[in-house]
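Here the protein sequences come in this chain order: A and B. Those letters in the first sequence? Residues 969 to 1276, per the numbering used here, in order. Those letters in the second sequence? Residues 13 to 120, per the numbering used here, in order.
Just so you know, the hints here were simulated from the structure itself, not pulled from any lab data. Hints are supplied without guarantee of correctness; some may be wrong.
[Claimed, not checked] Partial chain A-side listing against chain B, Cβ under 7 Å, derived:
no., residue
1, Asp1035
2, Asn1065
3, Thr1066
4, Ala1072
5, Gly1078
For every residue, glycine included, the Cβ atom is placed at its ideal position computed from N, Cα and C.
Each chain, written out:
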Amino acid sequence: MLTLDDFIRKAQGKLKIYKDFRLQGDKNITEELTICIPDMHLLERGPNDDFLDGRPEYEKRFLGLLDFLLNLRQEEGEGLEIIQLGDMFDLWQAKGNTNLIVEAYPNIIGLIDKIKTIYVLGNHDIDLVRWYKDKGETFGRRWRYYSKAGGKLRAIYEHGFQADFANNQESWTGAIGREISKIVGMMEYIHPDIDVILGSTWDSIVRAFSKYNTFTPVRDPQGFNPHEYLRFYIDLLERYNRGETLDQFSPDEVNLSLAVIGHTHTARLVRMPKNGQVYYLMDCGSWVNGGHEIGVISGKEMAVFQWE
Amino acid sequence: MRRVVILFVIIIGISSCTTLQQPKTLGQIKSEVDCIQYKEGMSWNQISQAMGHPDIAPIPEPGPDLSKNTRVYKNKVVIFNIEMKEVKEEGKVRFREVVTGIDVCKKK
Chain A
969 MLTLDDFIRK AQGKLKIYKD FRLQGDKNIT EELTICIPDM HLLERGPNDD
1019 FLDGRPEYEK RFLGLLDFLL NLRQEEGEGL EIIQLGDMFD LWQAKGNTNL
1069 IVEAYPNIIG LIDKIKTIYV LGNHDIDLVR WYKDKGETFG RRWRYYSKAG
1119 GKLRAIYEHG FQADFANNQE SWTGAIGREI SKIVGMMEYI HPDIDVILGS
1169 TWDSIVRAFS KYNTFTPVRD PQGFNPHEYL RFYIDLLERY NRGETLDQFS
1219 PDEVNLSLAV IGHTHTARLV RMPKNGQVYY LMDCGSWVNG GHEIGVISGK
1269 EMAVFQWE
Chain B
13 MRRVVILFVI IIGISSCTTL QQPKTLGQIK SEVDCIQYKE GMSWNQISQA
63 MGHPDIAPIP EPGPDLSKNT RVYKNKVVIF NIEMKEVKEE GKVRFREVVT
113 GIDVCKKK
């Protein structure tokens, strides 16, 4: 298995650790070099296409990453695992479902399939499992994915909308969030960056409430929250470890310490000790509006990189 | 303020209606039309039996051969079957969409 330093060397200067997001766990988390590609939101190259964002160099940069991963797959074979963390397509705004997105980006769709990517569902491409719900056709998409090390589950990979009150696709709040996103998507025809402006405004409001703990000053006395979904994911990992899930894993098979997500479009890597165990949350960022991050895990090591 | 709220409700309502329109499958589309699949070398009779008389019969293109003709149907449905094909471009693996079949259809 390649180490993170081997991986950086092979990229020949194209990879940079994002901020200081590199950590080492106490035990192995994966047995393969695991590369996580977060939200892409591919559309049909129109003004609302946040992947292209009107800049052909963004597509070229992503193709550069896929070319590198194709070479790596040929060299490393099964020693490499590549996971797309959902929202690969933005079906909330697509004119012709995935069909016309494939027409717009044949190289990206072809290459990402060729490198044997494991696909996890996001809220923007969840329709892929709804079209043929009765027949059970999922187009190879999974709700979540797991890594094993030493015979036990050690990491869980999912999109992250499950922790988001306004985007959980199984609740009424998520349905409202979807409609609001569609309206904002339509507004992008008037101003292409309206989603970014409104998103930043919303984030600053949430951050202010979070920082001063307006609603939960007793429960969160520190007044500091390194990731808005940290509590959700530590709770999820602990429930798995206790065997309290519907996924039929007994506690003997599970020792989860890492959750890997996308969804927020803001990369972070957070470490949090709790009840005698250390938990990690890796948010891999995005490839929209100029984002160019990937999450990488190798053995005990984990980091968020930017691909140049 | 009331007008803004009303406008917001209308926009939500319209976008919800568009959500209710389910995307169609190929099977659903084909259930509304009669189709014949084009294969190179197939006889013209098969086409004319399935599609009926052509709407326009253009005069032949200039040249000695009067047997080379075109026939035009208006308002028909054409279905292209498309797949991805791997190609090499400047030493890199790239992909192109290619047409692997054509269905010509008329409404039932």
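- Holds or violated: is the Cβ of Asp1035/A closer than 7 Å to a Cβ in chain B? Nearest chain B Cβ about 6 Å off; hint holds.
- Item | Status of the Gly1078/A interface restraint (C-beta, 7 Å, chain B) | holds (3 Å)
- Message: Less than 7 Å between beta-carbons is the criterion; does Thr1066/A satisfy it with respect to chain B?
- Response: Given a least distance of 10 Å, the restraint on Thr1066/A is violated.
- Answer holds if the nearest beta-carbon of chain B is closer than 7 Å to that of Asn1065/A; otherwise answer violated. holds (5 Å)
- Message: Tell me if the interface restraint on Ala1072/A is satisfied: Cβ within less than 7 Å of some Cβ in chain B.
- Response: violated (10 Å)
Of the numbered hints given earlier, the model fails hints 3, 4; all others are met.
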